[in-house]
Structure formats: structure tokens, C-alpha cells
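> Just so you know, the sequences run in chain order L, S and W.
All letters in the first sequence, in the order written, are residues 383 to 752 by my numbering.
All letters in the second sequence, in the order written, are residues 17 to 518 by my numbering.
All letters in the third sequence, in the order written, are residues 629 to 1000 by my numbering.
These are calculated hints, taken from the structure and not from any lab test.
Cβ atoms here follow ideal geometry from the backbone N, Cα and C, with glycine treated the same way.
Some hints could be false.
[Unchecked claim] Label pairs and their in silico Cβ distance ranges:
(1) R159(S) x V929(W): 55 to 65 Å
(2) Y307(S) x Y615(L): 30 to 40 Å
(3) D499(L) x G349(S): 35 to 45 Å
(4) V929(W) x F319(S): 28 to 38 Å
(5) L953(W) x G349(S): 24 to 34 Å
[Claimed, not checked] Computed list of lysine-lysine pairs in DSS-like fashion (alpha-carbon distance at most 25 Å, straight line):
(6) K933(W) x K489(S)
(7) K211(S) x K122(S)
(8) K209(S) x K58(S)
(9) K637(W) x K489(S)
[As the list claims (entries may be wrong)] The following residues of chain L were derived to be distant from chain W, with all beta-carbon distances above 10 Å:
(10) D463
(11) P500
(12) C555
(13) K590
(14) K619
(15) T632
(16) E637
(17) T660
(18) H714
(19) N740
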Amino acid sequence: MKRALQFSLICLCIILLTGCWDSRQLRDITIAKSAGLDLLEDGKYQSTISSPVPKRYEAQERSQVVQGIGHTVREARMALDNKVAERIDTSKLRVLILGKSLAEDSVYNPLDIMYRDPRSSLGAKIAIFDGQAADLIETKLQDKPRTSEFVADLLTTAEHNSLVEYLNVQLICPIMFDPGQDMVLPYMSMDINNNPYLNGNALFNGEKMTGSISPEDSVLLFLLKGEKGGSTYLTEKVSEKHEEEEEFITVLLKESTRNLKVDVNQATNEISATVDLTLQVEAIEYPPDELHEREKVVQLNDRLSRALTAEAEQLFTTLQEANCDALGIGRHTIAFHNSFWRNNDWLKVYPEMTITPNVTVEILAHGIIN
Amino acid sequence: MSFFKAFQNKKNSQNDTRILEPPETPTFPASLDIDKNRVYVKETLHYTEDLVEKKVVTNHNKILYFLYLETVSDTKDMNEYFYRNLREINSDEHLERVLTDRDSAKLLHLSDAIAEMLSGKSLVLIENTHYCFVLSTNSVIHRDVGEPDNEQVIRGSHSGFVENLSVNLQLVRNLISHPSLVVKYTTLGEVSKTKTAVLYMDGRADSNVVEEIHRRLKKIKVEKLMNTGIIEEYMEDNIFSLFPQYISTERADRAALNLIDGRVIIMTDGDPTVLVLPVTFFSFFQSTDDYNSRWVAGNFFRFIRVVSFLLAVTLPGIYIAIITFHFEIIPFGMTYVIKDAVEHIPYPPLIEAMFMELTLELIREAGIRLPTPIGQTIGIVGGLVIGDAVVNAGFISSIMIIVVALTAISSFVVPIHEMSMAMRLLRYPIMIMASLLGFVGIVFCLTIYLIHLCKLTSLGKPLFYPFAPFNLKGLMNRFVRLPHTVEIKNDQKENQKTNSSS
Amino acid sequence: MNDNLLISKSQLFFFIIQSQIGIGVLSLAFSVFQEAEWDGWLGVFTGGLAIQVAICLMYLLAVRYGDKMFFNALPLIIGKIPGHVLNLVYTLYFSSICILILVLYKHIIIRWLFPQTPGWVLNFLLVFAAWYLTREKLHIIVRFYVFVSSLLILVIGVLFFAIPYINPLYILPIGHHGFGAVGKAVLASMQAMLGFGVFMYIFPYVKVNKKKEILLTATYANIFTTCLYGFTVLITLMFFSPPEIALIPQPLLYMLKTFNTPIVDRLDIIFMAIWIVSVTTSLMTYMYLASLSTTQLIKGVPRKKLVTVIAIAVYFISLGPKNRLTIDKYAEGVDTFGLIMVFGIPLLLYLVSLIRQRGKNGAEDHEKSPSV
């Protein structure tokens, strides 16, 4: 009897004494919803986080923004901890914004801490900001939800429209590490009235940002990459130079097929790539209204194809200048022309190689009027 | 550990087969002297005041004495015409014939007659004879065979068992009119002498099981046996288990269906609840409604019941684990809603949950014994008022109230009362482990429960059949409610199947 | 032998796969990548073939003494004292695998979920669950295994989340690293599949009409596990680019960390909860086998008591290693040990029994051995 009593007493003690090894009570934690990382001029990192304040006793939604500075990102985070009453936790991070100066230095170094921590949120969206990321995080938007949600929603919509790729902190990692591919990240800016907007995409070479492209080029780039969102629109000028009036057409993408071919000329040890892109589209805006005429449609197809091919050529020049192998031509070379890959330095080959785009457009339908 | 020794399960030991029928009173043959007989009866019954003695003298001057206990005998029609008939008797032969006609038994020992008197029969003593008669004048009190309150169905038979054994047997016989339905009586309880019936269908029930039940019934050594609760514990293979290993029911149709399925039923006199043995885990999730409603709907409700079992057992634990350890898995939209709710709660989630669960158990326990109108008030006061006030006061988070309420409702869904009691108890270890180790703790608890279920047997049959041991055809027959026109044949007969598969 | 204590063919199937799938699945892609980079998946499938050869060998050995327990038959094959020594070696082998499972489990849980929780708590829960089931007879153990095998559906299900994000180009060009590297990957992958041998030790417990059905069942189990592992490794290799996977010791968990679903974020936590059950079953198998071989060694002691002793011993030894490097070294040692015990010893035994049989002039014909 006595023993049984002792036994149950021990059990009780174990239960009562132990329950706190790894418990992180949700109520004792400040959950960072968006974070910004910057590289300051003196080489220190600056970390800015924003976290919504529980609204129970607050009249309106608001969020707190705090900043910390340190030599490593972790140190900057620790500096943050000293400014917040509760522990900061980034495991529910929704958006991570990197300042342009940081992106031009290296993207991997600040992200290392996220990849290493088992609790970090690898599903967070990532974007580059033209300027100090802290500015974007600190922006108080009027008549809009919290900044973090605004950015996240903006990016989600842009993914749908093929303006940016579906990416998060983890999904960029294989691309960043792969020598045969380079990543393209959303690029945001702030207009004069302090309203953030999506300003195309930032081009990377390895882990360094080397350039940027406009939203219009972004759509074409992702089509050339073989990725298509749910509703992708293209607006193109279809009038020839000698025509007096400028004509534009806006089309909605229905189907797109891409074919990437990499050829190695063994004799000259040169490499070239051909990108065939076939787009099947529906015209959704074309004020001249002549789409019932067969000739007109054929002509439009032809003009659209030519215009887009020209644009694609331009785009590839930009990419090559930035040494950003966004299409993963290098990956194809590794896979199919491995000996060439091993014998050449891709970083030197890529900017010099010939990439021939070939866009074919086919108008399938034109809405409910002709 | 002498403490645990007291609980040691001795009913399975084979050596103890003492039959418990000690003669209560020494035998007393009926004497020729009628007065001696009368004195004997009165003395044996300790001059109880409800003993009635009536003297009748027949036409040929024979003196008869009628003795009965007025409280248990129904002597109305005897009073009306039987005494009159007796007075007109002229000869001994005539007397004997009249008595025999009235459903009587001739006894040589008065000591035997005493036992009969106690069950409501009347004793007839005749002058100068060495025997006596007992007349069946039992008065039977029984209520209507109405629907049992705790096992109501929407459609189907509404008759339930009552406190009287023979009425119950009649109900079952009415539902199964088949010669193979066997009834075996035993008397249990050294003082109460309660009549107990074991019912099974010969050829359908496993003979090993029937034998085992009889063996275990013989072992029951208790002074009083008023209900099936005592038999239950003797029938269980593992009394420490939280899971019930039998079904108790008050529904005649459920009992009959189980009989046809090859199970054995134990009834006791004076208790409307009967025991169904052996059972499998999933019998607890079946309701006779399933077989009366359309089969798709029947399956859906069964599925709901199994889900409700899982919910009732794990939901508070999962909530505690998420709040304490794994809030990462809450989707984005919910994170802040939940954080808002728990922001100012002073207690750790385990205490919070325990407090709320115990409150709920209190309300339930208080409500059961109160008459319905007051019971409802308790429900409202307990559920609505306490729930609302506790959230407003900031003791308990509103999410916790939702979790506890959901859990409580889920535990009511299961049709068998024993199972829902088990569910209530099973969730506490999970809550404690969840607060210690999050999901790892929950998985550990569930693993232990599952291993336990795999080990458990009900009268030697695996309880978790047809899942463990897994049997697809058994699953289709037992767990899925197929249309009545579809029949999946098991290779062998069902009971053999359970026997041979390990 | 009591008919009720036997297990059926399908139960044997699940017994084998549950013994195989365990701690190894998380890091399989990483360990084969270390040997053969993106050709690692070839190693997994080739490993399946190699295992098939071993299964046939074990079957041939087991069928000769079909009505005896393997550990019982050992003294008959190679003489009394060598037989007992070999029994002891087997006990040590099974116990060392138990210890390895516990050490790795503790390591992974501490790294992924509970950095501050003391390892003794985590290991205690696992050992307790294993002890609680292993005390029972085999037919109850397999009941549990069959039931928890339904969780494998979820394991396969979560892999499908990765499919939209895979890039098949990552595993091209195929066969780039040559046979040597693939051969090493075969060894690496086999370490995650070692449980296939269990059928040999419980041979007489399986109820079949013909002995050959056991071989077939073991083959099906091997095919299933090889495909599951192959599929997992393929998905993982195509999800991470080669330079990245070299950095990630548990690529499967890491991959699941990326995905969000509307109901549950962070699939890795859910996956880990399911995976614990698979680890427990592997531990149970080896604990059971260890106790089985010990019963032959120490006669007259009930197996239940031996299980308790083994559980306690294994538990305390497993608390020792904490250092990553020590663990790796130990794992390597156990893996080599395992290869010897699973390939070397059966082959040796088979040869010995062949020679002995020739001496006895074919006294025993295995086809005629009475079925149990």
C-alpha cells in the first residue's frame, strides 16, 4: 500500500514538474508576420519585424514594428528581442523582404539562419525591395490591410497573373545552389506617395542581384520559362511603324507550350539555345474590331509573333547582361551535354552564347463580339 | 505490492470449481400431524406477519390449511371461487384432482415448500397426509415493455426489457422463433438467489464461448446479486482495461440481432439490462437504426460515430499540443485569431482544459440524477452561463470552450453508454502527455491504446477484430453496413473465422 | 503448435515492411546521394535486387529446418557450442540495432522538434511502447503492425505535395557516376532496408499451405519497400538541386517543411508524428528478435522477463552517445555488422548445411518436411 502510494506520488511529481522543456506558449510569443533585412553601410545587418498586436483590447488593428542591428542576422534578431516584451518567433513568417543593398551583396547569407532553424517558416514569400526593406515594413498603409498582408496578397495575385513565379524561401534554395540555374525574385518599389507596388522582377546571378526587368517583360520571361499562371494577359503593339495610328491588342493566354533546345557545336565548341514558344490566346481588347476577317486575324497572329519574338530577344540580352540564367539552360546542358558543361566555365559561356527565341501566337477566339 | 494483489484476477484459474449450492435449511419431511407442519412453517419464517393462514374444511371433513405470504402472492381468484369449490369436495381423489388441475406441485418435504412460498406460491397442508401441495399464485409486478430511455431509436421496435426475466425471455422468443434458441438457467447470489438466464443460439454461438461463460458464472461468489454489473466484471478478460468488453442493452431487438450474430446473452431477474458477449470494438458503434435507415445513410452515421470517437479522445490533447508546442501548424489566417483568444489567459492550457473538462463532468454527473425539468436547468446554467462567464472573466479562452463543447458532444454520439464512459476517461492521459511532449506525447498515448486494444480479448475473441487481426471480408460484414440484398460470404463460417485467424 | 498463434501470409507481409521502414527513410536520399550523387536512386532499386538474392538465400536456408525456429536450428547446423555463440552474436546484433534506432530517434527528435527535452524522456516513451507490445506473442504483434500500416498511405500521400515543384532535370544525366558509385549507394540504401531478413527468424510461425508462399510474400514485401523507397528518393532528388541536398541530412522532412495546406501548415510535424509509429515498429521487431534468440541461450526463463531485461539494457545504453560523430561511427559499425549477419552468416550456414547434408546423404528433404 505504501509503495503504491509512493509510486503514484512519483508519477504525480513527474507530471507536475516536467511540463516545460520545450513548451512555447502561444500567448507568450510575439509572432513576426513580416520581416525585413537590410545591409547597412558599415556592413552590419538590420532586422525589422512587424507583428500584429492582439486586438482584444485595442480599438483598431495595429501592428508593432521594431528594429535591431547586429553583425549577423541572429545578432540583429537578439537586438530585437531586447525591444519586445515577449519572445520573437519567426515560425509563422509570411513575407520576408530583402533590401536591395543586401540582395546585391548576397541573398544566401541572411537566409542561412532560416534554412538552419527547424522551426523557421520556409513557406514565407520572399521579395526584394528597391531601397531599405525597413521602409516597406514600416509603411502604414491607409485604407489597406497590414503591410505584411498587403505584400503577401499582392504577390499571390501576381503569381496568378504570371507576373512573378510561385516561390518561397525554400523553393528558391535549389535554384540558388544549382550552378545551371538562376533565380528571379519579385522586385518591389515605392512610389512618390509612399505606396508600395510591384516593379517587375530582380535578376540574380548565383546569390547576387545583378539587374531587374519590368512587369511586362516578367510575363514573357515566365512564359519562356514554361510557367503560366491562371490568368495571364499580354498587351502588345500591333501597328507597323509606317502606320499612322498606334494599335494595341490585349490578349488572354489560354495555352502555352514551350520547347527549349540546347545544341552544342562540337567543332567550334560553341553552344546555342533555341526557345520555341507557342501561345494560344483569346483577344479580349482590340478596338479596331476587325477580328472576323480571316486575313486580319492571320495578320495579327503574324504581327504579334514578330513583336513578341523581338521582345524576347531583347529580354535575353538583358538576362545575359545580368548573367542570369533564368531559363535553366545550364541545367539542360548538365543533363544533356555534360562533357561540354565540365569543360567550360558556364559563367563565362552564358553571357556570350546565342539564344534564339521563336514565339508563335495563335488567336483562338475574340470574346462575344467580333 | 500488496495493494495490487487485491485486484488480482482470479476468475481464470481453473482449479476452483466448487459448486455453490449448500442446503440452506435442514430437510423437513411433511409430517402426518398437520399442526406440527404449521408450526414448522411459521418457525422457519420467523413468525413473519405477512404470513396468512386459512383453514378450509371440505365436504368430507378433511381439514386443509392454506399458507401464503400475502405480499408476494396473488390470491384474488382463489378467494373468488376456489375455496367454494373445495368445500364441495367429497372424496380424497376428488380433492387431489382439483388441486392438480390448479397448476400445483406435490412436495414431500416442507423445507422445499418454504423456498416456493418465498417466491409467491401458496402452501396447501392436508390433514393426515405426508405430503403437501404448492399452488402457483405468484403475483407478478411488471411495468410496460416501453422504449428504454437511454437507447432510443427513431425507427424500429420500441420494446425494451423489463425487470421480469420471463417477460424478457418472451420478448426475445417472439423475435427469434427458432428451435435452436437455447435458454440455460443458473441461480446466482448466495442470499438473493437471483435467477440468471444464459441465452444463445445453438450452432451459431461458439460452443467454447458458451462453455467459458458457464465456467465463469459458476465462479461468481457474492452474497447479493441484484444486477448485471457484477456478472460483467466476472465476464471481462481484463478488468483493468478502460475499454468495455461487453455490451449492455435494454433493447429486445438489439439482443435478438446479437443472438443471431452468434453472441451469447446473459439476463438476470430484476434487471432490465442484459449483457451481450463476446463483442468486438466496433459493435459499440453500431445502432439498430443503421439497419433500418437507408444503407448509405447508415454508413455515414457509423462513420460519424467513429470520427466522434477519435475527436472525443484526441481533440483536447491536440489543442493543448498545438497551443503549447506546435503553433506553426496553424494556418496563417488562424494564427492571430487563436493568439488573440489565448493572449490573456492566466493558466497553462492543461489546467485550462482540465478545469473545463471537470466542470463538464460535474454538470453531467449532477444532471443525471435530477428529474428532467431541473436537469435541463442544470444544463443551461452549467453549459451556457458558466461557459459564457468563464470566457468573459478571462479564465478560459473561447477556443477552449469550443474544443470542450465539441468533445462533450462527440462523446454523446456513441450509442453504447459504456463506450462513452471509456471515451471520457481515455482523453485525460492524452491531455497530460500532450502538455508534456506535444504530438510525440499524443502519438505515444495512441500507440499504447492501440497496442492495448490489440491485446484485449472478449471471452478469448480478439476485441479489435476485424481491424486487428485484419480481415477485409469481416470488415465489409461488420463495419460497413452493406445493403441487405448484398451479401459477402466469408470463406468459412464467421465464428470459425475469428477462431482460426490469430 | 497452437494454430491460433500462427500468423497469416498477409500478416507476414506487413511484418516485413514495418520492420524495414523505420528510421532510415528520413535520411535515405541523403545517404545515397553522398555515395552516388543524383544516381543514388539507381542504388535503391539495385539494392532491392540484391536483397532479393539475399531473400532467396535465406529462404533456402530456412526451409531446410522449416519446422524449427532459426535460433533453435543453429546448434543443429554448426554444432552446439558454435551455435550458441552465434546465437549470442545474433542477440548482440539485434540489441545493437535497437540501440542504434533509439540513438538516431533521439537525435532527430531533439534536432527537429524538442531541442531542450532530455533524451531520456523521448527514449523512455519509445522503449516503453515497444516493451508493452513485445511482451506479447507474435500474433498480437502482427495485429498491431497490420493496423498501423494504414499510416503508410499518409506517408505516400504527403509525397504528392512535392510533385508540382520537382525538376526532373536534376537527376540527369543518368549513370554519370559509374558503377562504383552506384555500388556504394546500393550498400548505403541496403542499410535502410535491412529488416527484410525477419521472415527467416519467424519461419515456423507462418501458416501457409506451401513453404514457397513465404518466399513469395517476402518478395512482395521487398518489391513494396523498394518501390516506396525508390519513389521517395526520386521525389527528393528531383526536388532539391544536387548542391543543396548535400547540405541536408534529413531531406524528406526538410522538403515537407516547405508546404502549406489550407488546413494544416508545416506537414513535417504531422509527418514526424506518423513516422514515430514506424520507428516504434522497427524497434519492436528487433526487440522481439533479440528476446527470441535469448530464449534459446538462457533456457527456462520466460520470454516476458527477457524482454524486460533487454528493454532496460537497451534503454540505458542508448542514453550514452550524444556526439554526432560518435553516432555516425556507431551507425557505420552496426551497418557493417548487419551486412555480415544478413548476408555472410546465412551464406555460411547454408554452405555448412549443404556439406553436412551430403555427409548424411540427403537424410532430410525439405520439400517433405511437415508443414506446421
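> If a hint holds in the structure, say so; if it doesn't, say that too.
Hints, verified against the model:
The beta-carbon spacing between R159(S) and V929(W), approximately 60 Å, falls within the hinted interval of 55 to 65 Å. Take Y307(S) and Y615(L): their Cβ atoms lie about 59 Å apart, and the range 30 to 40 Å is violated. Distance hint for D499(L) and G349(S): a CB-CB separation of about 23 Å, inconsistent with the stated range 35 to 45 Å. The beta-carbon spacing between V929(W) and F319(S), approximately 47 Å, falls outside the hinted interval of 28 to 38 Å.
Range check, L953(W) to G349(S): Cβ separation about 44 Å, and the 24 to 34 Å hint is violated. Of the supplied pair hints, the one linking K933(W) and K489(S) is violated, its CA atoms being roughly 37 Å apart against a limit of 25 Å. Pair hint K211(S) plus K122(S) holds up; C-alpha atoms about 22 Å apart against a cutoff of 25 Å. A threshold of 25 Å between alpha carbons decides the hint, and for K209(S) with K58(S) the separation of about 21 Å falls inside it, so the pair holds.
With a C-alpha separation of about 16 Å, the suggested pairing of K637(W) with K489(S) holds against the 25 Å cut-off. For D463(L), the shortest C-beta to C-beta distance to chain W comes to about 17 Å, beyond the 10 Å cut-off, and the non-interface label holds. Against chain W, the non-interface label of P500(L) is violated: not every CB pair exceeds 10 Å, the least being about 5 Å. The claim that C555(L) is not at the interface with chain W is violated, since a C-beta of that chain comes within 10 Å of its own (minimum 6 Å).
The claim that K590(L) is not at the interface with chain W holds, since no C-beta of that chain comes within 10 Å of its own (minimum 16 Å). No Cβ of chain W approaches the Cβ of K619(L) within 10 Å, the least distance being about 35 Å, so the stated non-interface status holds. Consistency note on T632(L): stated as away from chain W, and its beta-carbon is indeed over 10 Å from all of that chain's, at 29 Å minimum. Distance to chain W confirms E637(L) as a non-interface residue, since its nearest Cβ pair spans about 18 Å, more than 10 Å.
Look at T660(L): its CB is around 21 Å from the nearest CB on chain W, clear of 10 Å, so calling it non-interface holds up. With a least CB separation of 7 Å from chain W, H714(L) falls inside the 10 Å interface cut-off, contrary to its annotation. For N740(L), the shortest C-beta to C-beta distance to chain W comes to about 21 Å, beyond the 10 Å cut-off, and the non-interface label holds.
Hint compliance for this structure: hints 2, 3, 4, 5, 6, 11, 12, 18 are not met, and every other hint is.
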